[in-house]
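2 protein chains.
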Amino acid sequence: MAIEDVTTRLRNPEAAQTVIAILQQRFADKVQTGEAFRAQHAHTTTYLPAQLPDAVFFAESAEDVKAVVKACAAHKVPVIPFGTGSSLEGQVNAPEGGISIDFSRMNRVLAVNAEDLDCTVEPGITREELNAYLRDTGLFFPIDPGANASIGGMASTRASGTNAVRYGTMKDVVLAVTAVTADGEEITTASRARKSSAGYDLTRLFVGAEGTLGVITSVTLKLAGIPEKIAGGVSSFATLEDACNAVIMTIQMGIPVARIELLDALQVKACNAYSGLDFPETPLLLLEFHGSEQAVAMQSEQFAEIAAECGGSEFVWTANAEERNRLWKARHNAYWAGRALKPDYEGFSTDVCVPISRLADCVRETQADIAAEGILAPVVGHAGDGNFHLLVLFDKDKPGEIEKIEAFTVRLAERAIAMGGTSTGEHGVGQGKKRVVGKELGSAVAMMRAIKQALDPDNIFNPGKIF
Amino acid sequence: MAIEDVTTRLRNPEAAQTVIAILQQRFADKVQTGEAFRAQHAHTTTYLPAQLPDAVFFAESAEDVKAVVKACAAHKVPVIPFGTGSSLEGQVNAPEGGISIDFSRMNRVLAVNAEDLDCTVEPGITREELNAYLRDTGLFFPIDPGANASIGGMASTRASGTNAVRYGTMKDVVLAVTAVTADGEEITTASRARKSSAGYDLTRLFVGAEGTLGVITSVTLKLAGIPEKIAGGVSSFATLEDACNAVIMTIQMGIPVARIELLDALQVKACNAYSGLDFPETPLLLLEFHGSEQAVAMQSEQFAEIAAECGGSEFVWTANAEERNRLWKARHNAYWAGRALKPDYEGFSTDVCVPISRLADCVRETQADIAAEGILAPVVGHAGDGNFHLLVLFDKDKPGEIEKIEAFTVRLAERAIAMGGTSTGEHGVGQGKKRVVGKELGSAVAMMRAIKQALDPDNIFNPGKIF
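Line by line, the protein sequences are chains A and B.
Be aware that the first sequence starts at 1, since it is given in the numbering used here, and climbs by one per residue.
Be aware that the second sequence starts at 1, since it is given in the numbering used here, and climbs by one per residue.
FYI, nobody ran anything at the bench for these hints, they're computed from the structure.
A couple of the hints might just be wrong.
One copy or two, either will do: identical chains are not told apart, so a pair holds if it fits within one copy or between any two.
Listed below are the simulated BS3-like cross-link pairs for lysine-lysine, each with C-alpha atoms no more than 30 Å apart in a straight line [claimed, not checked]: (1) K30 x K396; (2) K30 x K70; (3) K66 x K329; (4) K342 x K439; (5) K269 x K342; (6) K66 x K439; (7) K404 x K229; (8) K404 x K70; (9) K404 x K269; (10) K396 x K70; (11) K222 x K439.
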């Protein structure tokens with residue numbers, strides 16, 4: 001991991017030290033300045049260099065967060081919220097230094113309202129911790145981005161994942177947040193009501209703001225009932241078009257599929273090699289259905305007919321958990337299988353999202369670009385949403401390699417935008433997609449900037465992200 | 001309808017005349033200043049007095065809207081977007097005069113992407129016009145607020161209605177909008193992708209902003225597949241608690257009910273009298289299920305078991321359209337049945353929304369308040385969301401009556417807020433709920449004001465609403 005010296009970028013190098021001294025006096029060892037702590041709280045998941053904060057603050061309460069924000073606001077020092085560090089576009093980097101607020105100690109469940117299918121949690125709780133807590137209630141938190149991310153981080157990057165096609169994204173499941181704003185006070189964006197027309201949708205403004213408008217201190221979430229049965233299955237297709245047609249028909253018919261994942265031929269090849277599988281090395285769809293025994297059987301049979309109509313292989317499905325895990329093994333190990341294609345290379349993940357009618361086109365044109373550039377990048381897609389990921393494998397020591405893949409990701413984003421899609425379906429802008437967000441949204445970015453300026457005039461909240 | 005003279009409130013009485021002259025020169029009779037036009041474009045649906053705009057502009061294109069906004073911005077004259085005028089909290093009133101932009105001529109469907117289940121429309125199209133247009137595609141626009149409202153108006157008030165429990169609200173189905181901002185230019189808030197993490201959620205910021213941040217010029221909507229079958233049924237319950245328990249169990253079990261409506265005893269009585277029905281005059285639930293023949297039968301049977309368990313009457317259901325309409329007659333005629341309780345009174349509709357665990361409490365306490373005050377106000381609820389409406393019947397000529405019902409609606413909102421709910425589930429703030437939005441959201445309102453100030457510094461967009 002390359003560490004970039006950010007001291008020259010600090011707006012006021014002494015200010016951070018002043019804030020650290022103030023916080024140390026009041027909070028003692030909740031404040032850590034050792035390089036190991038700071039390096040751990042910088043960006044570590046891609047080719048972007050790590051930019052370390054000046055200190056890490058381990059918050060234990062909303063009062064702690066208010067104190068940090070007040071001290072930072074008084075001295076115009078950046079505040080960078082940190083969940084688990086699993087964001088993928090440099091969201092936790094500190095390009096201008098500042099205080100990283102670590103939320104791992106703010107991981108309590110504050111309330112579960114089982115009758116209302118909602119709960120309120122502190123932002124540092126991870127989705128797996130939350131689901132372990134909920135197990136006895138018959139409810140679960142359905143959003144699954146892969147990583148065991150924190151709820152605050154997932155809200156801030158508008159995360160989603162494999163089952164968004166059924167359960168939505170963080171924009172759909174967050175009912176309200178509390179957040180500390182630039183004046184160091186806490187606001188509550190909404191009530192626990194399922195719906196409201198009471199003024200501007202501040203909840204949705206914080207969801208996806210990547211910590212640039214304030215620091216989230218609690219999140220109220222919709223929950224779902226744990227399905228009585230889960231069925232899963234797989235079907236291979238000769239072409240991307242065939243696979244995507246099956247996805248389109250599934251969505252059009254309103255089959256409430258819980259997951260519908262696409263692996264391209266290279267990813268299938270990688271999975272076969274890594275997990276000892278023997279799928280045809282052509283596009284593969286993996287599906288999951290949630291519901292009563294009768295419902296998942298009905299849905300699986302409906303999809304089997306669609307697969308047959310679209311020229312897919314026989315749809316092999318099961319409601320037996322062990323069998324299902326075996327069928328889904330290719331998807332579960334996709335990341336490590338991809339990495340194993342070139343064990344000595346680095347890998348980073350990028351995503352775009354297009355209307356599903358363009359998914360096959362976008363993947364195919366991207367594969368052609370990959371081939372032309374001599375890049376290795378298997379594709380895994382949340383096909384029901386038109387969202388797909390590339391695991392780009394690269395040799396970080398080879399001159400020109402970073403520039404090549406950066407140019408490739410810009411072309412990828414431009415291709416998605418030209419097809420009516422977005423430069424990022426679920427990873428966010430962070431630092432990595434700043435160069436393309438203007439291509440996608442044009443002058444709407446000026447409106448975002450005006451909001452940022454109005455709510456955070458000194459730009460203390462996670463500077464250098466989105467804009 | 002009382003018409004309030006607003007001339008004394010104008011910030012600059014000559015400015016509006018200047019703008020009208022500019023627009024008349026360029027647009028001739030797209031500009032109308034006659035009192036009949038102006039009165040028709042003021043608020044007409046409640047006890048709030050009508051406040052007329054200075055002129056009505058019949059926009060035919062986004063270019064027209066840009067021209068009006070530019071002229072108004074240059075002279076700091078208010079701009080009030082007008083769809084069909086069916087909003088319920090005074091959203092289209094012109095308390096400071098200004099130009100009402102009528103969207104009835106901007107009612108084209110700009111694109112339908114059937115494979116992607118989306119379409120883009122001009123804001124003036126009504127939901128019934130859109131559904132008539134879509135009929136041959138096998139798709140429909142599912143949000144149904146009762147009135148044949150315009151899509152732009154529905155987006156602006158974050159409308160929902162009877163089937164929000166299944167299909168969501170406008171916040172869930174709007175993929176993107178284009179809007180003319182205070183500089184007279186048009187922005188696009190998002191792409192057609194199903195999901196995106198590209199920066200702030202400006203789409204959701206415009207949805208529910210009631211025209212206070214800009215003027216929507218097109219809306220891109222998610223559509224749903226027309227269900228193969230629709231089943232409907234009814235069940236009576238001895239108490240509100242029993243009925244609400246049945247609702248809670250239905251939601252908890254994840255039965256994908258399309259509509260689940262609650263009528264209180266007074267509303268049932270009104271419906272019996274109005275439509276010649278003979279339901280027991282106790283709380284009534286009406287349900288609708290959408291899906292395959294097999295699915296709606298399964299869901300109806302599941303609900304029948306729940307109703308039995310909660311002490312409801314036998315759940316009578318059918319998948320025959322004529323029979324279903326007969327069963328649902330009470331709901332379809334609920335408004336006019338309510339009005340018929342006191343044909344010589346005025347009626348206005350108010351709504352709140354609470355977590356469903358508190359729905360029975362909130363309705364019961366509200367009924368007690370109604371009884372104590374001697375008000376007549378039947379209840380109809382979108383029970384699956386915890387949202388309910390009161391049709392408040394009042395004698396507008398009786399001294400003190402308006403003050404009494406205003407105080408009653410404030411208590412209603414406070415009651416909902418105290419139960420973890422919202423002062424308005426779907427009607428919006430407009431003028432009518434301004435007095436309670438601060439009670440609900442506290443200092444979050446200051447953040448809304450800061451956004452308003454940043455995006456519309458001269459307060460030209462629908463002034464006097466929300467704040």
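Here's how the hints hold up against the structure:
1. K30 x K396: neither (35 Å within a copy, 63 Å between copies)
2. K30 x K70: So K30 and K70 pass the 30 Å test inside one copy only (16 Å; across, 53 Å).
3. K66 x K329: neither (45 Å within a copy, 55 Å between copies)
4. K342 x K439: For K342 and K439, neither the intra-copy (33 Å) nor the inter-copy (59 Å) Cα distance is at most 30 Å.
5. K269 x K342: within (13 Å within a copy, 74 Å between copies)
6. K66 x K439: Between copies only: 23 Å across chains, 36 Å inside a chain, cut-off 30 Å.
7. K404 x K229: neither (46 Å within a copy, 53 Å between copies)
8. K404 x K70: Answer is neither: 42 Å inside a copy and 45 Å across each miss the 30 Å cutoff.
9. K404 x K269: Classified as within: same-chain Cα gap 25 Å, cross-chain 73 Å, threshold 30 Å.
10. K396 x K70: Cα proximity of K396 and K70: none, with 40 Å in one copy and 52 Å across.
11. K222 x K439: between (34 Å within a copy, 24 Å between copies)
In summary, the structure is inconsistent with hints 1, 3, 4, 7, 8 and 10 from the numbered list given earlier, while agreeing with the others.
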